[in-house]
Amino acid sequence: MTIGHPPELPMGSHSPAVPRSLDATTWSDADLPLLPDPRAAVEELHRIHQPMPGATVLGVLSADSRVVAGASFTVPERITDGWHLRNVLLAHLRHTVPHGLRRHAPLHTAVLVQCRRGPSGWTEQDGAWMWALRDAGQLHGIRCGGYVTLTDEGWQLIGDARRGRSPHAGSWAQRPVATISELTGIAEQTPSLEAPKPRLALLPVEAPRVAVN
Numbered sequence: 001m002t003i004g005h006p007p008e009l010p011m012g013s014h015s016p017a018v019p020r021s022l023d024a025t026t027w028s029d030a031d032l033p034l035l036p037d038p039r040a041a042v043e044e045l046h047r048i049h050q051p052m053p054g055a056t057v058l059g060v061l062s063a064d065s066r067v068v069a070g071a072s073f074t075v076p077e078r079i080t081d082g083w084h085l086r087n088v089l090l091a092h093l094r095h096t097v098p099h100g101l102r103r104h105a106p107l108h109t110a111v112l113v114q115c116r117r118g119p120s121g122w123t124e125q126d127g128a129w130m131w132a133l134r135d136a137g138q139l140h141g142i143r144c145g146g147y148v149t150l151t152d153e154g155w156q157l158i159g160d161a162r163r164g165r166s167p168h169a170g171s172w173a174q175r176p177v178a179t180i181s182e183l184t185g186i187a188e189q190t191p192s193l194e195a196p197k198p199r200l201a202l203l204p205v206e207a208p209r210v211a212v213n
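Under full-length UniProt numbering, residues 1 to 213 are what the sequence shown spells out, in order.
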């Protein structure tokens with residue numbers, strides 16, 4: 001099977017009539033696999049990607065919950081439907097980890113971390129991302145794992161009581177400044193977990209504004 005980008009979206013909106021979203025109760029009742037150590041996963045993804053507020057981190061975990069792949073990216077705030085967000089996640093998954101559609105059981109688990117200012121609890125935008133994560137996981141043959149918000153209060157696993165104060169939305173600014181020689185050594189030792197950004201054609205086109213006389 002050829003692994004590539006999802007089909008490009010023509011000009012104009014192909015958004016479904018009903019927005020694709022999951023509420024917090026539906027997410028909690030979905031019987032998703034629990035992360036044995038969410039703190040370790042969040043800390044590792046944060047160490048690799050250093051997300052700022054507004055960034056999304058997609059992490060891929062192995063069967064023993066180690067981070068084996070991932071990507072960090074931003075999506076325009078006007079994109080609020082899970083159908084479009086699913087396409088973005090699929091594009092990144094196809095560039096970071098082979099699909100598991102031919103396996104009897106999924107080998108990998110996908111988790112999502114949303115770094116933002118504001119509330120740590122569920123929002124409507126979270127609902128769209130949750131639908132996107134679940135659907136992208138099914139289409140790529142991997143498990144849908146945890147959904148984490150990263151705010152000024154710390155990190156919180158939605159649908160789960162587990163949370164922590166560190167890392168938080170401002171932790172990226174607290175990282176130590178490395179010298180040029182140190183950066184060279186880090187680059188040689190750190191595997192690349194950054195996927196290419198999806199093409200702009202994967203996102204719906206914003207309607208042009210009409211001037212009013």
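Hints listed in this document are in silico derivations from the structure and should not be mistaken for laboratory results.
Think of the CB as a built atom: it goes at the ideal place given N, C-alpha and C, for glycine as much as any other residue.
A hint or two may mislead.
Taking CB as the label site, the calculated pair distances span [stated by the list, open to error]:
#1 102 / 174: 38 to 46 Å
#2 52 / 121: 29 to 37 Å
#3 54 / 105: 19 to 27 Å
#4 153 / 78: 23 to 31 Å
#5 152 / 26: 37 to 45 Å
#6 170 / 100: 15 to 23 Å
#7 52 / 124: 30 to 38 Å
#8 37 / 77: 17 to 25 Å
#9 123 / 162: 12 to 20 Å
#10 50 / 26: 14 to 22 Å
#11 103 / 170: 21 to 29 Å
#12 103 / 164: 29 to 37 Å
Status of the hints after comparison with the structure:
no.	hint	verdict
1	102 / 174: 38 to 46 Å	holds (44 Å)
2	52 / 121: 29 to 37 Å	violated (21 Å)
3	54 / 105: 19 to 27 Å	violated (35 Å)
4	153 / 78: 23 to 31 Å	holds (26 Å)
5	152 / 26: 37 to 45 Å	violated (27 Å)
6	170 / 100: 15 to 23 Å	violated (36 Å)
7	52 / 124: 30 to 38 Å	violated (22 Å)
8	37 / 77: 17 to 25 Å	violated (32 Å)
9	123 / 162: 12 to 20 Å	holds (19 Å)
10	50 / 26: 14 to 22 Å	violated (32 Å)
11	103 / 170: 21 to 29 Å	violated (40 Å)
12	103 / 164: 29 to 37 Å	holds (33 Å)
When held up to the earlier numbered hints, the structure conflicts with 2, 3, 5, 6, 7, 8, 10, 11 and fits the remainder.
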